Amino acid sequence: AVIAAPDGYTLLMTGNNNAISASLFNSLPYNILNDFASTSTTSFFDLLIVTRSGSPLKSLQDVISLARLQPGHLNIATTNPGSTQNLVAELFRSATGVKATIVPFRTSPDMAAALLRGDVDVAFEFYAALEGLIDDNKLVVLASTGPKRTSYLPAVPTAQESGLKELEVVSWNGISVPAATPKEIVAVLTSAINAVLPQPDVQERAKKLGMEMRGSTPEAMSERMRDDMSKWAAVIEKAGIPKHD
17 AVIAAPDGYT
27 LLMTGNNNAI
37 SASLFNSLPY
47 NILNDFASTS
57 TTSFFDLLIV
67 TRSGSPLKSL
77 QDVISLARLQ
87 PGHLNIATTN
97 PGSTQNLVAE
107 LFRSATGVKA
117 TIVPFRTSPD
127 MAAALLRGDV
137 DVAFEFYAAL
147 EGLIDDNKLV
157 VLASTGPKRT
167 SYLPAVPTAQ
177 ESGLKELEVV
187 SWNGISVPAA
197 TPKEIVAVLT
207 SAINAVLPQP
217 DVQERAKKLG
227 MEMRGSTPEA
237 MSERMRDDMS
247 KWAAVIEKAG
257 IPKHD
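The sequence shown runs 17 to 261 under my numbering.
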């Protein structure tokens with residue numbers, strides 16, 4: 017995509033994963049801020065903090081209390097080191113000051129199986145990966161990480177409501193184009209994206225996947241990328257996560 021013709025026909029889905037990669041790798045074949053131009057955000061999705069049905073943990077405060085009463089006892093499941101899920105767990109550990117073990121799994125099904133077996137206490141994951149287990153009441157959602165409650169799980173409190181103000185994380189995607197793309201073309205793409213996303217059928221399909229579709233200006237998307245790069249760089253450094261080649 018970096019070397020693609022800047023004619024508006026080559027689009028790249030970008031988002032917070034790119035912000036994370038900027039600090040997770042020693043070098044990348046592109047610079048997300050310099051080599052690409054933003055058009056609009058497209059989707060936003062909160063992380064969920066979940067446990068198995070029958071667990072004595074009934075709230076996020078229960079999780080924090082357990083970790084404080086028994087340092088090192090709490091096991092938190094995530095996907096691979098450096099993933100959004102993994103870094104949010106690191107942010108949780110940092111924000112609460114608790115001693116807890118973060119256990120990364122290769123896949124979401126592996127992680128869910130470990131949670132159901134009782135090998136771990138809680139997991140940080142997106143709704144789409146756990147929807148079936150949540151619907152079957154095999155997993156219980158303790159909190160979400162967005163600034164407000166999700167439309168698909170309105171009864172679930174946010175981490176902020178649960179007393180952890182520092183744990184506000186929303187994963188997101190947007191559309192980028194090669195940096196040399198003319199501003200007129202960027203404007204056309206931005207307008208088209210923002211016209212499609214509010215449509216009821218688009219919103220309804222997204223809701224079933226645990227997403228909120230919401231557009232933006234190019235400037236707002238670029239600012240979000242810069243803010244996330246700074247945020248995750250600090251989390252990665254504090255957690256001591258080694259960079260990849």
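Hint data in this document are derived by calculation from the structure and do not stem from the laboratory. Given the structure is predicted, the values throughout are model-derived calculations rather than measurements. Worth double-checking, as some hints may not be accurate.
As the list claims (entries may be wrong) - Label-pair distances were calculated between CB atoms; the ranges are:
1) Glu253 <-> Ser75: 40 to 50 Å
2) Ala195 <-> Lys115: 43 to 53 Å
3) Ser167 <-> Gln77: 34 to 44 Å
4) Ala144 <-> Gly88: 48 to 58 Å
5) Arg122 <-> Gly70: 19 to 29 Å
6) Glu200 <-> Arg122: 39 to 49 Å
7) Arg122 <-> Gly148: 40 to 50 Å
8) Gly88 <-> Leu44: 30 to 40 Å
9) Arg133 <-> Asn47: 25 to 35 Å
10) Pro163 <-> Ala208: 24 to 34 Å
11) Ala20 <-> Pro72: 45 to 55 Å
12) Ala196 <-> Lys259: 44 to 54 Å
Glycine is no exception: its CB is placed at the ideal position from the N, C-alpha and C atoms.
Do the hints match the structure? See the list:
| no. | hint | in the structure |
| --- | --- | --- |
| 1 | Glu253 <-> Ser75: 40 to 50 Å | violated, 30 Å |
| 2 | Ala195 <-> Lys115: 43 to 53 Å | holds, 44 Å |
| 3 | Ser167 <-> Gln77: 34 to 44 Å | violated, 24 Å |
| 4 | Ala144 <-> Gly88: 48 to 58 Å | violated, 32 Å |
| 5 | Arg122 <-> Gly70: 19 to 29 Å | holds, 26 Å |
| 6 | Glu200 <-> Arg122: 39 to 49 Å | holds, 45 Å |
| 7 | Arg122 <-> Gly148: 40 to 50 Å | violated, 19 Å |
| 8 | Gly88 <-> Leu44: 30 to 40 Å | holds, 35 Å |
| 9 | Arg133 <-> Asn47: 25 to 35 Å | violated, 43 Å |
| 10 | Pro163 <-> Ala208: 24 to 34 Å | holds, 27 Å |
| 11 | Ala20 <-> Pro72: 45 to 55 Å | holds, 53 Å |
| 12 | Ala196 <-> Lys259: 44 to 54 Å | violated, 29 Å |
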